[in-house]
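Letter by letter, the chains look like this.
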Amino acid sequence: MQAEATARHSDLSEDDNRALISVFSAYTATATLWLLFATGVGLLIAFKFGAPEFGGGAWLTFGRLRPIHTNATFYGFASIALVGLGYYVAARSCGTKLYSAALAWTGLVLFNVAALAGTVALDLGYIDGDLEYREWPWWIRLIFLAALVVTAGNLIGTVARRTNTDIYLSNWYIIGGTIWASIISVVAILPWYQFGLGQVAVSGFYMHNAVGMWFTPLALGVIYYSLPKLLNRPIYSYALGVFAFWTNLLFYPIIGAHHFEFSPLPWWLQTIAIVFSVAMLVPVWGGSSNFLLTMRGRIRDLIHSYPLMFIFVGVMSYLIGSTQGTLEAFRSLQQVWHLTDFTVGHSHLTMYGIIAFAIWGGIYGLLPLATGKKASQLGMALHFWMALVGCFIYVTSLSIGGTIQGLDWMHGLPFIQSVIDMQSYYVGRGVGGLLMFASHIVFGWNVWRMCYGRSAVESPLQSLRAEEAVA
Amino acid sequence: MNKLLLIVGGSTLVYAALAWTMGVWPGIALSKIPAGPGVEPLTALQSEGREVYVANGCSYCHTQQVRPLDADKVFGRPSAPGDFTYQTPELLGSERTGPDLTNIGARQPSSVWQYIHLYNPRAVVPASIMPSFNWMFEVVAQAGAGATPIPLPQSYAPARGVVVPSHQAEALIAYLASLKQPALPASEAPNGNAAANAGEAPAAAKAAANAAPAGGYDAAKGAAVYTANCSACHQANGEGLPGAFPSLKGDAVVNKDDATKHIEVVLNGLHDARVSGVVYSSVMPPFSGTLTDAEIADLIDYERSSWGNHGAPITAAQVGAERAKAK
Chain B
1 MQAEATARHS DLSEDDNRAL ISVFSAYTAT ATLWLLFATG VGLLIAFKFG
51 APEFGGGAWL TFGRLRPIHT NATFYGFASI ALVGLGYYVA ARSCGTKLYS
101 AALAWTGLVL FNVAALAGTV ALDLGYIDGD LEYREWPWWI RLIFLAALVV
151 TAGNLIGTVA RRTNTDIYLS NWYIIGGTIW ASIISVVAIL PWYQFGLGQV
201 AVSGFYMHNA VGMWFTPLAL GVIYYSLPKL LNRPIYSYAL GVFAFWTNLL
251 FYPIIGAHHF EFSPLPWWLQ TIAIVFSVAM LVPVWGGSSN FLLTMRGRIR
301 DLIHSYPLMF IFVGVMSYLI GSTQGTLEAF RSLQQVWHLT DFTVGHSHLT
351 MYGIIAFAIW GGIYGLLPLA TGKKASQLGM ALHFWMALVG CFIYVTSLSI
401 GGTIQGLDWM HGLPFIQSVI DMQSYYVGRG VGGLLMFASH IVFGWNVWRM
451 CYGRSAVESP LQSLRAEEAV A
Chain F
1 MNKLLLIVGG STLVYAALAW TMGVWPGIAL SKIPAGPGVE PLTALQSEGR
51 EVYVANGCSY CHTQQVRPLD ADKVFGRPSA PGDFTYQTPE LLGSERTGPD
101 LTNIGARQPS SVWQYIHLYN PRAVVPASIM PSFNWMFEVV AQAGAGATPI
151 PLPQSYAPAR GVVVPSHQAE ALIAYLASLK QPALPASEAP NGNAAANAGE
201 APAAAKAAAN AAPAGGYDAA KGAAVYTANC SACHQANGEG LPGAFPSLKG
251 DAVVNKDDAT KHIEVVLNGL HDARVSGVVY SSVMPPFSGT LTDAEIADLI
301 DYERSSWGNH GAPITAAQVG AERAKAK
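Those sequence lines, one after another, are chains B and F. If you count the first sequence from 1, position 46 lands on 46 in my numbering, and the numbers rise without skipping. If you count the second sequence from 1, position 156 lands on 156 in my numbering, and the numbers rise without skipping.
None of these hints come from the bench; they were simulated from the model. Just so you know, these numbers come straight off a predicted model, no measurement behind them. Even for Gly, the Cβ is constructed at its ideal location relative to N, Cα and C. Treat the hints with care, as some may be off.
[As the list claims (entries may be wrong)] Non-contacting residues of chain B with respect to chain F, defined by C-beta distances greater than 10 Å in every case (computed):
(1) V113
(2) R233
(3) F243
(4) E328
(5) V344
(6) S376
(7) M386
(8) Q417
(9) I441
[Unchecked claim] Part of the chain F face toward chain B, derived, beta carbon under 8 Å:
(10) T12
(11) L13
(12) V14
(13) V54
(14) A71
(15) F84
(16) R96
(17) V139
(18) A228
(19) C230
(20) W307
Chain F extracted, bound-state conformation (with noise of 0.2 Å):
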């Protein structure tokens, strides 16, 4: 047999045959999974978020896929495969640099706050290195009717003039504001006995914590579920930002010795608050469902000790007790 013919066309029907196998026919079957329940398609505002999103590459650093490990928790329930149906092209994304953003509607309702992060991620969180995306947005002299001016913290403001956002960055955050996980049917476990397991040791994490004595409270904790889960618009010195986040230090909810309004906060949100006199714009989320009671005591705990204020500690035990009422 003539040799030149065997590399030529063996490697290439080889080739043919691995490239529909592994390729092209699971393309064919997973084209076709039907939406889960809950999942919507993209209003049109939203789709050109997301085309915003595709375009300036911020699946580089971001992904859209919660793994059903303990490490991914934080970023929501494990994906299932009816998440995705409406997602073309795909941005599950391949490195971590920032956040996942599958849940970011949710973990982070507050427009404002995406506003100002967006236009300097320092803005909110010092120790981001995200691009600035300065250039979405526009500087002008007075906000038009209609447009709100970003609530910039002053050393991040322009000298004059207000920065309002242009329409791309409106459809960014309104494609954020969406990308939120419908619930699950408990039925519904992704990818069999692996989401199995890693669903098993969460739970059992959540009943050893839950179980942790009381009494004194894990200063080193609460400081690490602050960071993580309030510091973004409350700010490591609890100050927030004026006009946008409010302030915790001396703040009367925080130092009030009755803690049932504080942790009520914390497990169920907030929105259009009056603190102060000022009334916050901004959306708080509720925590019910990602924190257990000891980490949420920890938090409180924290925040009643820090920054000089002198609320009255509390314990897991009457967060589990408010936790019940709203129930």
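Isolated chain B, as found in the complex (with noise of 0.2 Å):
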């Protein structure tokens, strides 16, 4: 696998080269923007928790600035990000150029195009529900689809031009997310089937996915292949890699009603969604654990390579935070946990865990490889030190003050006193989101130093036949 993960580049053109730079720079550099802004949003609405009054009129009012913050991250921020990443890993895992450039940058606009009608559409109160994740208008979201649909062709006309007969994993899961995100969204769009109690089934199947079977397969697909290539060693288990991809595929899709337990749903969709919420460990402890095999003994590289180390919390956060998830599924947990903010915690553990650290890993590990320039130590650990206790912080207050919420309610107290007791823990989540957004800024910081900042290496096909050599 490793002749494929360090593919030949030396039939490359010059200008290949540098188209697929330019793209992978461009993406990460508009999708750092939107991590600024929807980060930001974020802690504005973290405030409003101890200070109700602070932002007011129509425009910063939570109930609007909530989907702001979750539609930018998902759609702004992380698959801007991973959608560059991807062009980036099948391009070199390949060892060919893009399939076209041209098509990359229609999809960066449209992608963008997308994110900014939707926030400020938002803003002004446009919204097709509060159902979570889709709130965009319907034209805004099919704007968001045809990027998903260019980025798609794209990746398998890419793909498709390897000389190799193997694909390697990381191809899998990048080309597979794209498809299925695109599949989910044409889903979520047509109205026929979405009146009342079914448009809750749409929702719960919908909000789930939209998560797990888009941001978790190319967060995925980053990690298979840049962890090999910083460790320069192959992969632990090829075929655990495409056992986890099936398994994935087979179970993932069931689960989205775990959202709606002890809804008027029907309650064998209920219950079949928390039986595969438990399959669902099949794939994750697989591909989790073919990562940690394949940094058995390597200690000593990751705590010295900053790249590594987000990798590794991502990784580990994929472990705990999924697990996490099929335990939540248990009727006996649902029943303390559900409504709580116990639930968001888990979404940030995981959508900040799992994604932002593999995309941040991936990014310190690929982007210098690419431009032939580097982010400072200085400024990776700071990025690093402050978005882990950030989100260390941010989990922990709300999954003890969810639990709190849960118990209080479970007691029969007075419904305003789930809200007094959650005080000091929305402090706690402040200060954690604080850390994080800090360590955002740092990381604009890094990504301008990796992109537009000074050459370490004269020329990055050079850097290109330096890496080569390792490999």
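Assemble the dimeric complex from its two separately framed chains, guided by the hints.
Right, here's the structure in full:
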């Protein structure tokens, strides 16, 4: 597999290489801007839990900013960053150029137009319903769908240009993710089966699949490429990766209804969702043990490399966060945690712990290889530690607070007691969020240095050859 | 076989099949559920209010789904599939930073309270962290014909002029008032077993609560029932809000030794009440359906012994007798 992970670049012309690098850089740069915006909004709304009058008026009201925060994080930051990484990984692992750089640029414009239009629409109160992660008006979601289709076609075209017969694992996940995301977007947009409780069923399906069949596979694809590359050692088991791919595809789409346990959705639908939430342990443990076994015995390399540390945190969050998700699905635990802030803690452990850390590991690991420019060690250290500590404080606060909230309700206390009991945990969340946001500012500076800063090596191709020599 | 074809074609087919089975097909089937008995479509003003509710993301903090669990009993009966027929986009929500609103029209029927609360929630619930929606109101020198100014407590009222709701605030409050759960026929328990089990548990708890020995009252319980059900209007200090909700502190009914009227008001609610010469337009909901005799006795005793009140204490048996009389 190593042969594929570090394919030949010698048949690449300087122009093709430059095109790939500028696509990768541009995706990363715009994603970074979205990250700063989305988490800035997140920080503002975190403060509102302690100071509800802070930022008044229609445009800054919590209910409008909340979907702006989630959608900008999902579709601005994470989607754009992962697609940028996906292009780089697909082209490099296949030892070829992009199928079409023009299509990649078209996709980038479409992604950004959708995210921008969606943000403005939500702030003005144009919303298709408080339907998590598909709040944008449908025609804006069509723009996003167009971006996905363009991306899927371009990625497939790129992988089709490979000279090997085999297809490296990363590409399975990256291509799969873009196709599944396209299908699920269509399911979310079509209106004919979305009335009343029917729409609830679609919401359960959508909100979970949008996360686990889009961000997770792309993040895993990035890890499957970056980890062997950075450790300079093949992935532990190719077969295990393929096994995790198919089991994830079979089990994950079934578990969406666990977001509506005890709701009027048919009981069997909820029960099947719980059963398959347990089945999800198979691909999750399969995938994470594959990564951890690839890292085995290389702790020294790990702690000396921030890209690897980011990936390590991503893998551990994948293991812990997804296992937590399985436990949360049990009815006995849903009774305590459902509808509390515990869920918000879980979604940050997963979207931030898994996805964002995998993205950062990928960017710090691969962007310097592409551009030949590096971020400073101090910059990466500041980003890593603030993000990690911030996320830890955030998730711990909401997990403890959410549990107390749920127990308050179970004990029949007046509802307002659960609001009062949460106050100190909301402060904890704000502190964690502040650290996370601060780390993103440092990340922005690091990205600037990796894309447009002073070159450590004269020519990108030179750095590539150096990289090959190591491989 | 070409591997790319396997990955692209295979995963597309598998995923499309699963998306159909777990998303589209349940969507088709559940979209056809007929409305339950008593479930009506909204009026034009109410659906306008629902749009205001959606546009401002109210359901990111307020659910509209009552689960068949003890913890949800305070919010109404468990939601049934037939409740949602006219609810598109759905507003079940995923978080309860604030209370569930499925039955808020019945639980808090006072539109005066809703307006004050919408203008600034802390004017009636000091610990609330809900945003103020004062931007849905206008400050005018004098309320026009047909418009009633909102009776805000002085510390929240503007220095000059009076506050009147905008059209969107009126629509929103009309929508909230429409949120009332119609009673379910006994045979139609939602979600099969779970609901049946959950339905039994509260009944048993109710019996146990009623069997609790009389003589002395549970002050902590009384205070908790008061906080959960009464303090939103009558406030924690029992003083109500001038012009909006009557004070219980020093009130004649609360301090009268014959508690019949006091029990009656809690059981059956009140509207257009004249208290100490002031007529209050806000509606007080009945609590006969939501509180047990023992809970009402604790609550009434709490009110009769707090804030300097000196009413004679009552027992659960007295509440039971009044309840029987009403039937």
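Consistency of the hints with the structure:
At roughly 22 Å from the closest C-beta of chain F, the C-beta of V113 of chain B stays outside 10 Å, upholding its exclusion from the interface. Listed as outside the interface, R233 of chain B is consistent with that label: its C-beta sits roughly 24 Å from the nearest C-beta of chain F, beyond the 10 Å cut-off. Residue placement check: F243 of chain B keeps its beta carbon more than 10 Å from all beta carbons of chain F (closest about 14 Å). For E328 of chain B, the shortest C-beta to C-beta distance to chain F comes to about 13 Å, beyond the 10 Å cut-off, and the non-interface label holds.
Not every CB of chain F is more than 10 Å from the CB of V344 of chain B (nearest about 7 Å), against its label as outside the interface. No Cβ of chain F approaches the Cβ of S376 of chain B within 10 Å, the least distance being about 39 Å, so the stated non-interface status holds. No beta-carbon of chain F is positioned within 10 Å of the beta-carbon of M386 of chain B; the least distance is around 27 Å. Its closest Cβ contact with chain F, about 8 Å, brings Q417 of chain B to no more than 10 Å, contrary to its assignment away from the interface.
The Cβ of I441 of chain B sits about 27 Å from the closest Cβ of chain F, beyond the 10 Å cut-off, so the non-interface label holds. A cut of 8 Å between beta carbons decides the hint on T12 of chain F: the least distance to chain B is about 5 Å, and the hint holds. Taking 8 Å as the C-beta cut-off, the interface hint given for L13 of chain F is violated, the closest approach to chain B being about 10 Å. Because the smallest distance between the Cβ of V14 of chain F and any Cβ of chain B comes to about 6 Å, under 8 Å, the interface hint for this residue holds.
Satisfaction of the interface hint for V54 of chain F is found here, the shortest Cβ-Cβ separation to chain B being roughly 6 Å, below the 8 Å cut-off. At a threshold of 8 Å, the smallest CB-CB gap from A71 of chain F to chain B is about 4 Å, leaving the interface hint in force. Using the Cβ-Cβ criterion of 8 Å, the hint placing F84 of chain F at the interface with chain B is satisfied: the shortest such distance is roughly 4 Å. A distance limit of 8 Å between C-beta atoms decides the matter here; for R96 of chain F the minimum to chain B is near 4 Å, and the interface restraint holds.
Among the interface hints, the one on V139 of chain F is violated; its C-beta lies about 14 Å from the nearest C-beta in chain B, farther than the 8 Å criterion. Nearest Cβ of chain B to the Cβ of A228 of chain F: about 4 Å, under the 8 Å cut. The hint holds. For C230 of chain F, the interface hint is violated, the least distance from its beta-carbon to any beta-carbon of chain B being 10 Å, above 8 Å. The closest approach between the C-beta of W307 of chain F and any C-beta of chain B is roughly 18 Å, which is over the 8 Å cut-off, so the hint fails.
The structure fails hints 5, 8, 11, 17, 19, 20 (numbered hints given earlier, in ascending order).
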